Structures are given as C-alpha cells and as structure tokens.
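Same order as they appear, the protein sequences are chains P and D.
Residues in the first sequence are numbered from 1 upward in steps of one, following this note's numbering.
Residues in the second sequence are numbered from 486 upward in steps of one, following this note's numbering.
Some hints could be false.
In silico EDC-like pairs for lysine to aspartate or glutamate, Cα to Cα no more than 16 Å straight-line [unchecked claim]: (1) D:577 with P:413; (2) P:28 with P:65; (3) D:542 with P:333; (4) P:325 with D:506; (5) P:391 with P:293; (6) P:341 with D:535; (7) D:542 with P:239; (8) D:530 with P:239; (9) P:382 with D:506; (10) P:376 with D:506; (11) D:510 with P:350; (12) D:511 with P:442.
Hints were generated in silico from the structure; no laboratory data involved.
Please read all numbers here as calculations on a predicted model, not as lab measurements.
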Amino acid sequence: MSDITKQSLTELIENIKNKKLSSTDVTKAFIDRSEKSEELNAYITNDFTSALDKAKKFDEKPNLDLKLPGIPMAVKDLFCTKNIKTTAGSKILNNFIPTYESTVTENIWNEGAILLGKLNCDEFAMGSSNETSFFGNVQNPIDKNLVPGGSSGGSASAVAGQLTPITIGTDTGGSIRQPASFTGIVGLKPTYGSCSRYGIVAFASSLDQAGPMAQNVKDCALLYEVISSYDPKDSTSVDFKRNYYSEELTNNIKGKKIGIPKEYRVDGMPKEIEDLWQKGIQYIKDCGAETIDISLPNTSYALPTYYIVAPAEASSNLARYDGVKYGYRAKGENLIDMYEKTRSEGFGAEVQRRIMIGTYVLSSGYYDAYYLKAQKVRKLIKNDFDEVYKKVDAILTPSTPSSAFKIGEKTNDPVSMYLNDIFTVPVNLAGLPGISIPAGHDSKGYPLGLQIIGRAFDEQNILNIAYAMEEKINFKNKLTDWWIK
Amino acid sequence: MSIDLKTIKHISKLSRISVDEQRAKKLAGDLNSIFDFIEKLNELKTDNVEPLTSISKTTLKLRSDEVKSKNIREQIIKNSPQDNEDYFVVPKVIE
C-alpha cells in the first residue's frame, strides 16, 4: 500500500484492525515521508528510531481494542514528553528534558499511539505565523514561502503535508484554529477546563487549551475523545460527563439555530472571506438548520483585552526561566546580571515584547488602568456570548480575516500580526469551544476556514455541525508535494 | 500615552531582561503602537462591572500533601545548566 500517508486516521485504524496494515507499515510510511519533508521544517526533534521499536512491539502483541492502535503521531513541542527534549520553540529550553509526561499526551499513548517526534511552534506559543520559533520558520505545504500560521504551525504543516495522520496543538488566542485554516485542515479548541493543562509549557493560564488537529471532523472527534479527561493535577480541570464524541457524531443538525454575528463583518475584510461566510450560511441552511442574525456588541474590544490579559499571565508564567534549575544560562558577573543576560539571550524578540507588556500592565500604578480594566471587559465579552446562547445553539464566523500570508510579510508590524486572531480571540476570552473547518479557497488557491463556536462543554454539537457542513463543502486540499526530496 | 526610554529601562529591570540602547528604542516604538491599540478599551464604561478573574466555576480542591515522584533527584539536577551532582549552582551571592 503506497498511499498509507494519504489515509485518514479513521481509515488507518480500520486497516490496522483488519490486519491489512501493521503498525510498523504505518509508522515506516510516516517516518519515510517526514524524512523527505525536511524543507517544511515541521519537526524540532524526531524520535523515529524508538517509534519503529514501539511499532514492532505493538505488532508482536497488538491490542486492537485501543482507540489509537499502533498509530504514529507527532505532537507540538509545547507538551512535556518524559525523557524527550521539550523546547517550546525557545532557546531558553533548548536542552530541557522533562522528567514527567503531560496528561494529554499520556492519554494518547495509553490508547496505543506512538510518538513520532516534536513539532515546531512559535516560541512559547507566542505568534501567528511560526516565525518566532528559535528553530526557524515552518513552510506551509500549500505553497513555498507561505506561513502555516501559528502558533501550532509545525502541527498544521505536518498534518496538511501528511507527515503525521493527526496531531495536537495548543490554542491561547487562535493557535489551533488559525493555522488549521491556513493549511486546509480541521482544528478544535476545546472548552477551557476540558483538556488538562498539566505538563503543557504555560503561556497564559486562563486561556490555554490543548486540542486536536486532523484531516477531517471524524478524526478530530476521535482524538478529542482521547485527550479530554478530568485531571486532579490541573486545578482548573472540570469534572463533567464526557461523550464518546466520535461514536455519537451525526450529520443530523435539523432545527439547530446558528447565530451569525454582525460584528464579525469587520472593516477591510476581503470580499472572498465575506463570500465564504455567505456560502457557509447556505450550507447550514442546506443541512436543515436555521440561521439567526445576532449581535456580540463588545467584539471589537476582544483583541485589546487579550493583549493585556495574555501578556500579563505570560510575564508571570515565564518568570521561572532564570537559568538556575533548567534551560539556557548566560554568564553573569553576579546573580542579577546572570538572570538579566540569560533572559535577554534566551528569549526571542516577540517573547521579550510580551513579557514587557505584561510586566508594565501589572506594575504599580498601572494595574487598575490596564489589567483590572481588561478583566472587566473580558466579563462583558463573556456576557455577550451568554446572552446570545439563550437564542442560538452555535455561532458561525470566518476563522481568519485573510488566507495565509507570505513569510516575512508581517514580522515588522506586531499589531497587524495580532489582527490575525480577531475572530478566534473572543472564544478564548469566554472559555468556549471553537472549531475551524476548511471551507473553500481564495483566488490564489489558498485554503480558507470557517469557525463554529459552541456553548461551554458542548463540543458534540459543534462537531456535529462541522461534520454536516464538511459533507456539503467537500473540501480537497491542493497539494503538489513541492517540498518532497 | 507614550512609553519613553526611561519607562522601557524600568520595565526591563522589573522583567529581569537586559536591553541595550538600540533594542530599547525598538521596544519603545513597538510598545507604543501596541498600547495605542489597547487604549481602545477606554471607550467602555466599566465602573459597575465585576472583573472576570477565572473562567472556570470550579472551586479549588484540597488534596493530601504526598510525595508522588520518588528518586528523580538525579534527573532533575541533570537539567541544571551548571554541572553539579548535588545542588543547583548560582553565581556567588554573599561576599
């Protein structure tokens, strides 16, 4: 079977269960393609040798009752993996070997999956183009010199380029959904509290969530089912009744009410995005659901709020990188000098910028004007959603205000880079689930995504809507394999 | 508002990140444009709004204080940037 890497996760599992493929066949195929794909720069660390060993071991005594039986899989390098280097895309963690495993990756290995390696990402997940990684930018398989989005850029590139059948990313302000949209794949940001944050390198603790990225909605539902669990090791983990999301997946969304928020029609939004949105509305109607015009009046305040809350939390979380217990250390004349040089040499420009913003908004005399103000506006944004969910079951918006841009195009203008997340950030601020599905192409042939936002812990509902729409959209990624050596 | 070089130096000190003159100038420019964008929040009246401090409704649970990871001292120390078998080493603090 030469086209193993073209198969979806669901197909691979079926073929392994029917003994048409072994875990070794599948693992070898993805390793082979990953090795030919160095130009994408999707991996930071590979673990191919031990992946093959694990696949062989699996095949000797295959447990086919597991949800991911012998499935190889690479993950974002923000998840701590025991005894395997975890860098968060930063020089400051360049040599960090965790002594523990993140809960979400633990859940994945417990279901029979095998680690292929660690995927590139923006440094500490701070970026929208994967250009802030210490390990270099990542190429988008769609076109050369095109960003894959960020911060889960390596993850998106690896799934779209078929280097891994599925993956997990993290999403603080859009870091799963925006790159999914830029590369023509599916990405889910779960409800805050659904997936444990234990063992994930922290960026902004009140916003961070791990989530699946996949070729299609069914694969995404299955991986979500595996990673979502109640975890006493994360004090914000929520103990709610979890579904068998992939088994309960249905394309029957008749009678569902889907809100269309007028505030997402932003100034300067390309006509192609507006057209895509209208097409999405039509698909929803074709599925027998109803669309309702709604208002989320505080939408335009979401990004400014985010750029106070996220850097504030980041500046606190990143205080731990001091060159003492782990990571990079610069030489200093004394302790303070060592701290200052370590952090100056170890952090990249974007991370330093955000630590400085965060430090400033939390500093004496500015706390009320910025941080407290942002927390109040965050409440208003959440209230907007609470209000509309009295009338609708979900919300449909574009995932991003544009398709993928060129490498280097926005690196000198932080604010224009931040504007990428205009449609995704409100979802994190309100702690809601959101899924991006590929829905069409722009005139350049680049993929465009639509986002479905749900009520808290109502992942099943947005997965169902995405599943129904996916059938109508019938999206195909245009891959030329230009990067293959 | 305007963030000047003096403020940048102050924040850099609080953040324990040393910045040279050139970098400080660049940061001042960046931060000013970001704060111009953030100032938009002042359009909103929020006097009577409760701040949202946590999105999850769960209350923090107590747990017993038990050692779960045993005998990993060696592995932990191994991650330390300065080689030493027993301790984390820092530059001399007391003369």
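Of all the hints numbered above, which does this structure not satisfy? Sort the numbers upward.
When the structure is compared with the hints, numbers 1, 2, 3, 4, 6, 8, 9, 10, 12 turn out to be violated.
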